[in-house]
Each structure stands twice: as structure tokens, then as C-alpha cells.
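As you go down the protein sequences, you meet chains A and B in turn. In this text, residue positions in the first sequence follow my numbering: the first is 1, and each later residue adds one. In this text, residue positions in the second sequence follow my numbering: the first is 1, and each later residue adds one.
A hint or two may mislead.
Covered by chain B, per the in silico footprint, the following chain A stretches (three or more residues, Cβ under 8 Å) [as the list claims (entries may be wrong)]:
id	segment
1	12 to 26
2	30 to 38
Coverage of chain A stretches by chain B, computed from C-beta distances (three or more under 8 Å per stretch; other residues unrestricted) [unchecked claim]:
id	segment
3	42 to 53
4	75 to 87
Calculated directly from the structure, the hints in this document are not laboratory data. Virtual Cβ for every residue (Gly too), placed ideally from N, Cα, C.
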Amino acid sequence: MSQFLYLYRMADAARQEAMGTPERAQQNMQRWMAWMNELDRQGHLKDRGQPLERTGKVVRGQQKTVTDGPFTEAKDLIGGFTVVEARDIDQAVELSRGCPIFEGGGSVEVRPIMKMDM
Amino acid sequence: MELSEHLFRRESGRLVAALTRIFGVHNLVLVEDVVQDAFCRALEVWKVRGIPDNPAAWLMSVAKHRALDIIRRERTARTFAPELARVLESEWTLAPAVEEAFAGSTIRDEQLRMMFSCCDPRLSEEVQVALVLNILCGFGAPEIAGAFLVSRAAMEKRIARGKKALAASKRLFDLSDAEFAARFSAVRRALYLLFNEGYHGSSAEGAVRSELCGEAIRLTMLLLESPQARSPETEALAALMHLHAARLPARLDAAGDLNPLLDQDRSRWDAQLVAQGLALLDRSAEGPVVSAFHVEAAIAAVHATACSVDETNWTAIVDLYDRLMAIAPSPIVGLNRAIAIGQRDGPKCGLAALRAIADRERLQHYPFYAAALGELELRCGNVTTARDHFSTAATLARNDAERRFLEKRIRDLTLPPHSSRIQPQGGTRP
Chain A
1 MSQFLYLYRM ADAARQEAMG TPERAQQNMQ RWMAWMNELD RQGHLKDRGQ
51 PLERTGKVVR GQQKTVTDGP FTEAKDLIGG FTVVEARDID QAVELSRGCP
101 IFEGGGSVEV RPIMKMDM
Chain B
1 MELSEHLFRR ESGRLVAALT RIFGVHNLVL VEDVVQDAFC RALEVWKVRG
51 IPDNPAAWLM SVAKHRALDI IRRERTARTF APELARVLES EWTLAPAVEE
101 AFAGSTIRDE QLRMMFSCCD PRLSEEVQVA LVLNILCGFG APEIAGAFLV
151 SRAAMEKRIA RGKKALAASK RLFDLSDAEF AARFSAVRRA LYLLFNEGYH
201 GSSAEGAVRS ELCGEAIRLT MLLLESPQAR SPETEALAAL MHLHAARLPA
251 RLDAAGDLNP LLDQDRSRWD AQLVAQGLAL LDRSAEGPVV SAFHVEAAIA
301 AVHATACSVD ETNWTAIVDL YDRLMAIAPS PIVGLNRAIA IGQRDGPKCG
351 LAALRAIADR ERLQHYPFYA AALGELELRC GNVTTARDHF STAATLARND
401 AERRFLEKRI RDLTLPPHSS RIQPQGGTRP
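This is chain A alone, in the form it adopts within the complex (with noise of 0.2 Å):
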């Protein structure tokens, strides 16, 4: 088995959208949580991953240049993580189309992570 990291992006506008009514946002979340559940059952779920603020800052350049950001506006901000165990790549971007995400015109990048013991 090998693990790989899900980088859920969403623009700002459409995680307001996917949010809409309280009653809506309720059956997203619990979308998502039957999603994640069901990886954890057939253990595929190795780190469920961390939520990500909205805001912060980006440090760039030789200059170590400070600024604010990533931008609200930004098309597909990463909005959190998570690391699943699967065979192979097909595997993990086959398990990856379950998620929630796509309903609000997110999407989620699969990258696998270097195996350390080669």
C-alpha cells in the first residue's frame, strides 16, 4: 500500500454557494463525513487531515517578501488535507470521486507521497 495526500481546492464563492442554507450545509457536511467514514471502514483513511483558515500569508523570494494571502478571490484555495492508503494512483483517484467536493465545483488533487524506505 502507498499513501497519497488529497489537497481539497474550492473557490471562496462556491464554498459560500455549497454552504447556501443551514439545512443544506447540514447534508453537505454530513455527505462528507459518510465519505470519510467509509474510507476509514475499507482502511484506506491513514490521517483524516487537518481543516485550513481561509487567510494567512505568503513569505517569497530571496527578499523573504511578506504578504497577505493566499486571496479570498483565488479560483482554488486549499481548503484542507487528507492522507489516504491505497495500491496505487488509479486507486486513490478512483476513491477520490466520492467526495463531496465535486457538488461545488471544487476538486481534489491526489499526490503521492514519497516512499522514504527505497
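Dock chain B against chain A, hints included.
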């Protein structure tokens, strides 16, 4: 940990009440931003980390922190609730004031004041009901639009109009205000409309409808919890809602089609709701007032306690409709009275009563008037005339459920039923 159904929606109303206490009703937009933000946070954190032990308290604590942040940051630039202006100024009193606003009893009182504010007679009844559903029940514009069969844009406009008026009022209605009695009656009226929308309304979707009924009951019970807002008339309204809601499980058949009162499987009525309704009706009789709600509840009680259509005390029901006609006359009441007369004295008398309804032209677009004519003609053996009436009724149907029901009646014409199957309508307006 499972989340209770509609927790977000329910908590939304409570958070809005607490935050309005702090920020003031003129800052309703800010209040809603903070609530929205709390839900966004809950959504993002819970979906990954799981639901906390006390989800409601978690949401409240996020809202409290946001409120404190906002006040500290903006207290020089913005005015908050005028009642709390002084305590919010000082760090010594700020945190306790915010804490107090989120206490259960404060939230309850603020929800009542909000309810009275939403039912401002300067707003149309449709705006009042939309505001109550949005602010106190946490329904979003798309959901309310769906229940009332209007476009989302029209509903957003309706709600925005109401909120503008609310925000301009500067403060929430005070229950010790001189206008209390008049406003109280507007509140009951709005809750009654809300309940009827759920019970008879134009929306075909069963789940939404029973939620509307549930919310109307919850808010009416909130009135009864308050010493100022408890009254025999409110108890009668609550009784009426419980007794009607008891029939909801039997109101749609397995296929989701309307199942009229006379055909319902009475074992599916909710016995607990019936018992609560009867107890409320008893209590409501303690005062000297006999309101339209009392009489409507009494009619529902006669139905609720009858084991079958044949064992129903139709004489009592006709008498009660006579009283209702005296207190709150309307063509719909006349229609229901005529149906009851048809049950008591036979279809010919029912038809005569239908044709004698004053202002019956107001019923000409109401499908169940034509349907009642059809049922009674059918019971007289006039199948062709009955078919014409049912066809008229079907063209007037306001939604698919009504259309399916009436078309089925036309198809079933060859099988004369043992009794009338018209749907008695609990409302008093077309």
C-alpha cells in the same frame, strides 16, 4: 456521534436571536454573516474531525468569539444594540453581556420579540410568514420559495423587503408595548397561515410540508412558554395544530398521493399528538373567549376522537361550523359546513347547502368546491354530472398531487364509494 436532524436550521434561529440582542436589529446583515461563518466553520472542521460532543454549544461558542472580535474591532465605528450600548463599551462588562445574550432564557425571549417584529402589520402577511421562516426557522430563500411555489428571485426579494423594514425599525418589538394585543393577534395569524401552508399548501413535497407544520407548532409552543404570550386563544391555536398534525401521517398514501380525511386509515393518526391537542383544547376553554381557533380545534377534536367516518358526530360538526360561520365567516367554512351537512342529512341537503354558500363565486377557482359538487352528485347517482364537476375540479388543480387525486376520482367514477370523499379543508380562506 450523529447530528440531530435539522440541527443547523434550528440553531440558526437561536444564534440569530442571541446575536441580534448584542448587535441590534439594524445590524441584521452582520448578524447573518456571523451565523453563516459559524456554520462554514462547523462544516469544515466537523467533516474532517467529526462532530463534537455538544454541537449546539460548539456553534454558539464560535458565534460568541466572533461577536467579541467584531465588537472590539468596530465599537468606535459602529453602533450596536442601543439597550446594551454602555455594557459593550467596557471590557469589564463586554464578555458577561455577550455570555448573557446566549443564555437559554434570553434566546427564548429574543426569539419571541423577533417573532412579534416579523409580524409587523405594515408588512403583508406573505412577507411576515417568509420572514418568520427565514429568521426564526432557518429556512433559506430557495427552500421557502420551493414551499410556496414562487421563484427563488421573487422570494429573495420578498425576504429582503421584510428585512429592510426590520432593520429600519431600530429595535425589536417590546412585549410590554401598548400595541401588544394587536400584534399578538397578527403573530397567531401568521403562525396559523404557516401551519396551513404546510398542511394544505401548494407545495407538493411531503417532507417540506410536515416541516412547516412542525415549525408552526414549535413557535406556537414558544409563545405558550412565555407568561405574556400565553393565552386561551394561543392554546386553542396550538390544540388545532396538534390535532391536524396528528393526521399528517395518514394524509398521503404510499404513492405520495392525497388521501382525504374520510378515507384515511385512522390507526395511522399520531395518538400522542391527538392527546396533546385534546389537553391543550381543554386548557384553552378556561377563559371567557371563544375564538375561531377554539371552534376549529373543537371540530378537529370531534374528528380525532371518532373511530370511523360513520361514527363521527356530524351533528356536532355542523353545529360547530355554524358557530364558526358566526365568528369568522368565509366561503371555505361554508364549503366545509355543506360537506358536513351532506354527511348528516344526505347528499341532496349537502348540495343545497353548497349552492346556498354566500360569496360562492369566490370559490370558482377553488378545485375542492367543484370536487364537493361532484362527490355529492355522485352519491345522488348522477354520474355524468359528477364527472363534469370532477373534470372542472381537475383543471383547477394547483399542484400535481391535487391533479393526480382529482384525475383518480374521475377514473374511479364507476365504483360509487360508500360515502363522500371530499377533502374537508381546515383553513378558512380559499
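| query | Taking a Cβ-to-Cβ distance below 8 Å as contact, does the segment 30 to 38 of chain A have at least three residues touching chain B? | reply | holds (count 4)
| Within 8 Å of chain B (C-beta), three or more residues of the segment 75 to 87 of chain A | It holds: at least three residues are needed, and the segment 75 to 87 of chain A offers 3 whose Cβ sits within less than 8 Å of chain B.
| field | Within 8 Å of chain B's CB atoms, at least three CB atoms from the segment 42 to 53 of chain A: coverage verdict | value | As far as the segment 42 to 53 of chain A goes, the hint holds, because 4 residues have Cβ atoms under 8 Å from chain B.
| said: Tell me whether the statement that chain B covers the segment 12 to 26 of chain A is true, taking a Cβ distance below 8 Å and needing three residues at minimum. | reply: Per the Cβ count (10), the hint holds.
Checked against the numbered hints above, the structure violates none of them.
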